[in-house]
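J.: The residues making up each chain are set out below.
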Amino acid sequence: AQSVTQLDSHVSVSEGTPVLLRCNYSSSYSPSLFWYVQHPNKGLQLLLKYTSAATLVKGINGFEAEFKKSETSFHLTKPSAHMSDAAEYFCVVSESGVNRDDKIIFGKGTRLHILP
Amino acid sequence: GAVVSQHPSRVICKSGTSVKIECRSLDFQATTMFWYRQFPKQSLMLMATSNEGSKATYEQGVEKDKFLINHASLTLSTLTVTSAHPEDSSFYICSALSYNEQFFGPGTRLTVL
Numbered sequence: 001a002q003s004v005t006q007l008d009s010h011v012s013v014s015e016g017t018p019v020l021l022r023c024n025y026s027s028s029y030s031p032s033l034f035w036y037v038q039h040p041n042k043g044l045q046l047l048l049k050y051t052s053a054a055t056l057v058k059g060i061n062g063f064e065a066e067f068k069k070s071e072t073s074f075h076l077t078k079p080s081a082h083m084s085d086a087a088e089y090f091c092v093v094s095e096s097g098v099n100r101d102d103k104i105i106f107g108k109g110t111r112l113h114i115l116p
Numbered sequence: 117g118a119v120v121s122q123h124p125s126r127v128i129c130k131s132g133t134s135v136k137i138e139c140r141s142l143d144f145q146a147t148t149m150f151w152y153r154q155f156p157k158q159s160l161m162l163m164a165t166s167n168e169g170s171k172a173t174y175e176q177g178v179e180k181d182k183f184l185i186n187h188a189s190l191t192l193s194t195l196t197v198t199s200a201h202p203e204d205s206s207f208y209i210c211s212a213l214s215y216n217e218q219f220f221g222p223g224t225r226l227t228v229l
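Chains as they are written, first to last, in the numbering used here: chain A, 1 to 116; chain B, 117 to 229.
Honestly, the hints are just simulated from the structure, not real lab data. Just so we're clear, the structure is a prediction, and the values are computed from it rather than from any experiment. Glycine included, every Cβ here is placed at the ideal spot set by N, Cα and C. Take these hints with a grain of salt, some might be off.
Claimed, not checked - Restricting the straight-line Cα-Cα distance to at most 27 Å, the calculated cross-link-like pairs of lysine-lysine (DSS-like) are:
| no. | chain 1 | residue 1 | chain 2 | residue 2 |
| --- | --- | --- | --- | --- |
| 1 | B | K157 | A | K42 |
| 2 | A | K68 | B | K157 |
| 3 | A | K58 | B | K157 |
| 4 | A | K103 | B | K171 |
As the list claims (entries may be wrong) - Interface residues of chain A toward chain B, partial, derived using beta-carbon atoms under 7 Å:
| no. | residue |
| --- | --- |
| 5 | L20 |
| 6 | S32 |
| 7 | Q38 |
| 8 | L46 |
| 9 | T51 |
| 10 | A54 |
| 11 | G62 |
| 12 | F63 |
| 13 | F106 |
| 14 | R111 |
What the hints assert, rightly or not - Have a look at the derived ranges for each label pair, beta carbon to beta carbon:
| no. | chain 1 | residue 1 | chain 2 | residue 2 | range |
| --- | --- | --- | --- | --- | --- |
| 15 | A | S30 | B | D181 | 51 to 59 Å |
| 16 | A | H82 | B | E203 | 35 to 43 Å |
| 17 | B | D143 | A | S14 | 36 to 44 Å |
| 18 | A | S3 | B | D143 | 16 to 24 Å |
| 19 | B | K130 | A | G16 | 32 to 40 Å |
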């Protein structure tokens, strides 16, 4: 069965230090993987996506993620945190195909806190 | 935990007809709901923000006359695709906001013939 696990519900880092938000997934097929950010009372905004091309994906605002099939991971990183990065982050797995139902699985989210 | 349902899960319709998709928060009230669409292997695209008792806020490029959103109660938002065409075929997902947490529905697959 498909699943997405965000290993940390909350992460706190100091401004200017690296960010690591962890995501592990399981999927029966070749999935597409996404990271989204949600700022308070706003809809999701796409940070980056992996769709079976390069395993290291660069996104907006300095974020990147590496798809590691052997570890079934898709962790999100940023070299230097900024105060504006404080938000909720969702890891999402999506599968679609002609002969099977679409599935989209959301992680439970990780709230990122940035300390001054 | 909070549960959001969508109905129907799949719908097939003829070109030119209208289709209504319901999004319900089953065990909580949500003053704000969001509607997204997703094409295969693409990201979710926010279509609109639905606020209970007021008009929805549409994202740039989304036709508000084509995608009618009604948020008549604290537990129900509806998306009506009017005069649907094959290019409207997509996966539509709603989410509901509760205490700044977002809970997602299972999605509705719309196919327009």
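J.: Take the hints in turn and mark each one as holding or not.
T.: Status of each hint after checking the structure:
1. A hinted pair counts as satisfied when its Cα atoms are at most 27 Å apart, and K157 of chain B with K42 of chain A qualifies at roughly 23 Å.
2. Simply put, K68 of chain A and K157 of chain B have alpha-carbon atoms about 18 Å apart, close enough for the 27 Å limit, and the pair holds.
3. Simply put, K58 of chain A and K157 of chain B have alpha-carbon atoms about 17 Å apart, close enough for the 27 Å limit, and the pair holds.
4. Using a Cα cut-off of 27 Å, the hinted pair K103 of chain A and K171 of chain B is violated, with the two alpha carbons roughly 30 Å apart.
5. Residue-level restraint check for L20 of chain A is violated (minimum Cβ-Cβ distance to chain B is 22 Å; threshold 7 Å).
6. At its closest, the beta carbon of S32 of chain A sits 5 Å from a beta carbon of chain B; the interface hint therefore holds under the 7 Å criterion.
7. Checking Q38 of chain A against chain B by beta carbon gives a least distance of about 6 Å; that is within 7 Å, so the hint holds.
8. For L46 of chain A, the interface hint holds, since its Cβ comes within 7 Å of a Cβ in chain B; the closest pair sits about 4 Å apart.
9. The interface hint given for T51 of chain A holds, since its Cβ lies 5 Å from the closest Cβ of chain B, which is under the 7 Å cut-off.
10. Annotation: A54 of chain A was flagged as interfacial toward chain B, and the flag is violated, the nearest CB pair being 15 Å apart, outside 7 Å.
11. Interface hint status for G62 of chain A: violated, as the beta-carbon distance to the closest one in chain B is roughly 18 Å, over 7 Å.
12. Below 7 Å, beta-carbon pairs count as interface contacts, and F63 of chain A has none with chain B, the closest being about 14 Å; its hint is therefore violated.
13. With a least beta-carbon distance of about 5 Å to chain B, the hint placing F106 of chain A at the interface is held under the 7 Å criterion.
14. Hint status for R111 of chain A: violated, given a least beta-carbon distance of 9 Å to chain B, over 7 Å.
15. At roughly 38 Å, the beta carbons of S30 of chain A and D181 of chain B sit outside the given window of 51 to 59 Å.
16. Checked against the hint of 35 to 43 Å, the pair H82 of chain A and E203 of chain B passes, with Cβ atoms roughly 38 Å apart.
17. Between D143 of chain B and S14 of chain A the CB atoms are about 38 Å apart, so this pair conforms to the stated range of 36 to 44 Å.
18. A beta carbon spacing of about 22 Å between S3 of chain A and D143 of chain B agrees with the range 16 to 24 Å that was offered as a hint.
19. Here the CB-CB span from K130 of chain B to G16 of chain A is close to 57 Å, at odds with the stated 32 to 40 Å.
This entry does not satisfy hints 4, 5, 10, 11, 12, 14, 15, 19, going by the numbered hints stated previously.
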